[in-house]
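Got chain S sorted already, so can you dock chain H onto it with the hints?
First to last, the protein sequences are chains S and H. Just so we're aligned, residue 0 is where the first sequence starts under numbering that gives the first Met the number 0, counting upward by one. Just so we're aligned, residue 0 is where the second sequence starts under numbering that gives the first Met the number 0, counting upward by one.
Hints are computed from structural coordinates only; laboratory data are not their basis. Please note that the accuracy of each hint is not assured.
For chains that are exact copies, the list does not tell them apart, and a pair is met inside one copy or across any two.
Subject to a maximum C-alpha distance of 16 Å in a straight line, what follows is the list of computed EDC-like cross-link-like pairs (lysine to aspartate or glutamate) [what the hints assert, rightly or not]: (1) 156 - 264; (2) 211 - 305; (3) 205 - 138; (4) 1 - 26; (5) 306 - 26.
There are 2 protein chains.
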Amino acid sequence: MKKHNYSAGPCILPQEVFEKSAQAILDFNNSGLSILEISHRSKDFVAVMEEARALVLELLNLEGKGYEVLFLGGGASLEFLMVPFNLMKVDGKAAYLDTGTWASGAIKEAKHFGETVVVASSKPENYNHIPKGFTIPSDADYFHCTSNNTIFGTQMKSFPEVNIPLVCDMSSDIFSRVLDFSKFDLIYAGAQKNMGPAGATLVVVKKEILGKTGRTIPNMLDYQQHIDKESMYNTPPVFPIYASLLTLQWLKNLGGIAAIEKINEAKANLLYTEIDRNPLFKGAAVKEDRSNMNVTFLLNDEAHQEKFDAMWKAAGISGLPGHRSVGGYRASMYNALPIESVQVLVDVMQELENKI
Amino acid sequence: MKKHNYSAGPCILPQEVFEKSAQAILDFNNSGLSILEISHRSKDFVAVMEEARALVLELLNLEGKGYEVLFLGGGASLEFLMVPFNLMKVDGKAAYLDTGTWASGAIKEAKHFGETVVVASSKPENYNHIPKGFTIPSDADYFHCTSNNTIFGTQMKSFPEVNIPLVCDMSSDIFSRVLDFSKFDLIYAGAQKNMGPAGATLVVVKKEILGKTGRTIPNMLDYQQHIDKESMYNTPPVFPIYASLLTLQWLKNLGGIAAIEKINEAKANLLYTEIDRNPLFKGAAVKEDRSNMNVTFLLNDEAHQEKFDAMWKAAGISGLPGHRSVGGYRASMYNALPIESVQVLVDVMQELENKI
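If we strip away everything but chain S, and leave its shape as in the complex, we get (with noise of 0.2 Å):
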C-alpha cells in the first residue's frame, strides 16, 4: 500500500530522488564507483557542490547579489552558536525573536556569547501564535527570528524591516513559499524538510556582515574559512550533498519556488478548510500565523483518538502523532509530499465524522 508521510523531519523527499540517490550508491555517473566511495576532491563532486551552492542562489533569486552558499555539516543547532560567534560582537548584543522549541534553543546558545535580549516570546500562550508589534533595539548586532515552527505548526508571514543583519532560521519552510530574500542577511536551513536527508544544513550569508566582531572563531566555526574554502573546508557530507542537490533539481524543474508555493497553498487550504469544518477537530494555533508546512490540530473529544488513530493507519498515514508538547496531531506537508496525500487524511477526517 502506498504510504502517505507526515513526518515532521526528516521527511518525505521526492521519489526520483530516492531512486537517483540509491542508483549512486551503486554507480555513480558511470565511473563504476559509489558516491559513498569517491573523494570529496574529485572532478565529479567538486561538480555536485558547484552546482547545489549556484542552484540555491539561483531559486532564492539571489545571484549576483553578494551571497556565499555552504554546505555543513553539525545540523542547524550548530548554527545556533555559530551565528553568535561570527556575528555578535565582543561586548555586543544580539535580538532575538522567540517562537518555539528551536528559537528557543538558539537563544540559549546565544546567551553563551554575550547580551541576548529577547525582543518577545510567545511561551506564556506555548507558542501558539508570532508575536507582534516587538521593537528591536537598533544597536543590536542583529535579529534573528525562525520563520516557521515545526512544533507548534506557526510561520512568520512578514519580517521585520531592521537596519541591523536580518538572520533567519528556515530549516522547516525554506523553498516553500516566495519571498524577499535578499532581506535575509544570513539564512541557515538543515537539509531534512524541504532540501534533503538529515546531515547536511545550508547557510546563505550575504559577506559584507562578516569579519566585524573583534571576536576570535575557532576556524570550523568561521563562516569566512568556509566561503574560502568553497565549502570544502573538511570533509563535508558528501550522501547528504548529493541527495540535496537532486532534490533542487526536482524543484527547478517542478517550476521554482513561485511553483511549489501555489501547490503547498492548495494542500494548506485543502486541510485547514477541513479542521475548521468538521465538528470534531480543532486547530491548535491561531489563524492568522498557522504554517503551512506543519499543520498542528486536535480532536475535541479525545475520546475519538482511538478510533481516529485506527482508521488513518489503515489508510497508510505515518508520521501524524503531534510533538509531545502541543499533542494531538501534526500533519506536516513539506514539498514532497503530494496533494493527494493531504485528500486522503481529509477523507479519513470526514469518514470519522460520518462515524460517530
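Just chain H now, kept in the frame of chain S:
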C-alpha cells in the same frame, strides 16, 4: 572493468554496504518508506543508533568500561575544538604531538582555548616520521595525538604511557588494528575511512573525564549533552550512521578487528615489499613508522611518471596520486580494499620495471 579504489577518504567500503544501503533508500526494513524519509525518533532508526553504539564498544573491546559512544555531525575537524572545549581547564593547558596536517589543525584550534604545548613535531622533516623520546608535561589537562597520518603515510606503532587523559584522533586507522583501546580516554574519528561514508563522526569517551574544566560549553559542543540525549541531541546524520552500522556489521561478521588486522598486515607487507625491492620506487616515510593504511611512495626518476600513470589507470586503479604536500603516490588501503587490488598495483609496478 573492476575498479581498484585507493582513494584516501571518502574511500572504498564493502560492496554489501553499497547494496544494502541503496536498498534501504528504496525501502527500509520493508516499511514502504525510504531510510531518507523516516524520523530519527522512529523505532527503526533508534534501533540503528543503539546497535551502532553498542557495536563500536564491542569491536573496540570497551564494553562495561565506562565509555560512551556518540555519532555526531560536523566532521573530525569539529572535534579539534570540542576536545579543548570539554577537556582544557580555564587557565589550564594541553599537550599535543605534531605528526602532520591534521595534528597541526587540532593544535591550531586548541590555541584558541589556552596554552597548547607541542611536545614534539616532525614538521622540519616534512612529517616523514613519528617523533619519539618527547616529554609530556604531567600537569597538562590532556595529551592529544593522531594515530595515523593519512597525508604523510606514518602511523604511531605505540602510544605514550601517561597519567593524564589520552586523546587520540583515529580518523584514518580506527578499526584497522588491535590496540588496547582502554588506554585511551577519548577517541574520535571521521567515519569516511574504515567506518562509513562522509558525514558522521565517531566519538568514544570515558565519562569520568568530563565536567572538570570550569568552562561554559555551548550545548552543541558539550559531550555530556550529547551523552544525556543518547547521541540524539539534535537530528543526527541518519544515512551516514546507517551506512556506518552496515560497515561495522560487515567487520564483525568478518571476525572483528583481529581478523581485519591480519588482512591489513598482509596488504601492507605485499606493497611495502615491492616498494623496497623495485629499483624504480622508494617509500616516503621512514620504515619504522610506515602506515599500514596509507602507503606513500615515489618514483626515483620522475621521467617515468607519465608511463606509470597510464599503466595503473589502464589497470582500473583510481585515487593513487599523492597529496600535494608529499607528491608521488599514495595507496590508501583501508579495511574494505581487497588484497587482490593490492596485487594489481604490485603487478603494474613490476610491469613498469620490466618495460624500462
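We went through each hint and held it up to the structure:
no., hint, verdict
1, 156 - 264, "within (13 Å within a copy, 62 Å between copies)"
2, 211 - 305, "neither (56 Å within a copy, 49 Å between copies)"
3, 205 - 138, "neither (19 Å within a copy, 44 Å between copies)"
4, 1 - 26, "between (28 Å within a copy, 12 Å between copies)"
5, 306 - 26, "neither (46 Å within a copy, 28 Å between copies)"
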